[in-house]
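Given the sequences, and given the hints that come with them, work out the whole structure.
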Amino acid sequence: GLQVGATAANHLSMPVTASAATVESAFATPIERVQLTSGRVAYANRRAPALPAAAAPFVQGVIGLEDIALSHHHGVEPDRAQSPPSTGSAGVPSSATASILAGGPQPCEAAIDAKTAEASYTGYTANEIAGAYQLSPFYAAGNYGAGQTVALLEMEPFQPSDIATYQACYGSEAKVTAVAVAGGPGPYAGEDGEAALDLDQLSGLAPQANIIVYQAPNPAETAILTAYVSEDKAKVMSSSWGICEKESGKAAMAAVDTLLQEAAIQGQSFFVASGDEGSTDCYTSSNKDESLAVDFPGSAPFATDVGGTRMEDPTAATPTEYLWNEAPRWGASGGGISEHFPMPAYQGELPESGLGVIGPLSSGEACGFAGYCREVPDVSADADVQTGYVAFENG
66 GLQVGATAAN HLSMPVTASA ATVESAFATP IERVQLTSGR VAYANRRAPA LPAAAAPFVQ
126 GVIGLEDIAL SHHHGVEPDR AQSPPSTGSA GVPSSATASI LAGGPQPCEA AIDAKTAEAS
186 YTGYTANEIA GAYQLSPFYA AGNYGAGQTV ALLEMEPFQP SDIATYQACY GSEAKVTAVA
246 VAGGPGPYAG EDGEAALDLD QLSGLAPQAN IIVYQAPNPA ETAILTAYVS EDKAKVMSSS
306 WGICEKESGK AAMAAVDTLL QEAAIQGQSF FVASGDEGST DCYTSSNKDE SLAVDFPGSA
366 PFATDVGGTR MEDPTAATPT EYLWNEAPRW GASGGGISEH FPMPAYQGEL PESGLGVIGP
426 LSSGEACGFA GYCREVPDVS ADADVQTGYV AFENG
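Count along the sequence shown from 1, then add 65; that gives the number in my numbering.
These are calculated hints, taken from the structure and not from any lab test.
Owing to the predicted nature of the structure, the values given are computational and were not obtained by experimental measurement.
For every residue, glycine included, the Cβ atom is placed at its ideal position computed from N, Cα and C.
Where hints are given, some of them may not hold.
Label pairs and their computed distance ranges (CB to CB) [to be verified]:
hint, residue 1, residue 2, range
1, Gly436, Gln326, 15 to 25 angstroms
2, Gly248, Val106, 17 to 27 angstroms
3, Ala329, Pro202, 26 to 36 angstroms
4, Tyr387, Leu357, 20 to 30 angstroms
5, Gly248, Ala184, 41 to 51 angstroms
6, Asn390, Gln68, 24 to 34 angstroms
7, Gly332, Ala392, 29 to 39 angstroms
For lysine-lysine, the following DSS-like pairs were computed, each having C-alpha atoms within a straight-line distance of at most 30 angstroms [said to hold, decoys possible]:
hint, residue 1, residue 2
8, Lys298, Lys240
9, Lys353, Lys311
10, Lys300, Lys240
11, Lys298, Lys353
What follows is the structure, given as structure tokens:
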């Protein structure tokens, strides 16, 4: 009774659709609607899905039987009022910052004005970020990302005019292509903060690159990663989305781990934010869970997990950068020890002084097997909302 769609190009997954009643029968589990404490109505299977004995050995997992646990975007403060730039016009390069990064992307006056539009925040323009992270030699050599393709994982739509406005500000020529996965994220409804932030920064730092935005409804990381790996058009993907490891579900975690292994074999990299809730990734405004937890899929060993710093004065010869920890009001860099994944060889087989992993603190009990556990994050970059990025979003 299941309607089977096209098998993925890597032959690892098959999409199936059916009525709830048919799914209940096919996988021998009731599926019920539930109302969450937030008021959202979700659906969930009451029991683990069962398969015929002849098929079970060939199936790693069945995903999509519940939508209780949704991924969260990291990087945009949703409760903060958005203030428009005070003055200036897009597309006009400013001489005020032209000396900061010769040859690189230069902001228009509107972007410069936006840096200090709110008293409590400082936003860094793309040229300041590029200078702080030593992209100047690439620009000096004429390398602006031409010929490279970068992918983004998004679970919300974006407004193309927002990206066009930002690109006009910097003179960026980055080509943006949206690819709908699993039906796409739906129409733009006045909010594209996370997607716009990601697209703005990529197009500003690599103004001649090709950008593929894989878009899907939430939750759909597995479907997006399947498309990314199967198509193999981009050699790097960036994601600002994640979910508390305890809420991820073992089937979804296993599927993502398999896909990221294939990506690694193909030479594809996956960079993902480590979360905004410090060492208590399950903590939310509605679920004040203060237990130690890390963010998935960043905890997967074949992902590069990116933590957060607070960076002062990016134009200095050596910018001051330290741990972002403004919890609970402004958030904190995610990080800690996985409860699900063992420590990969690239962490465990090197001296502690090499990568900063702390073996004695990684208990074998925490992840349920002998030996150490995966530690995150792997690298970090500016993430504090008070020393953030100038972006153009929501018109």
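Violating hint indices (sorted, rising): 6, 11
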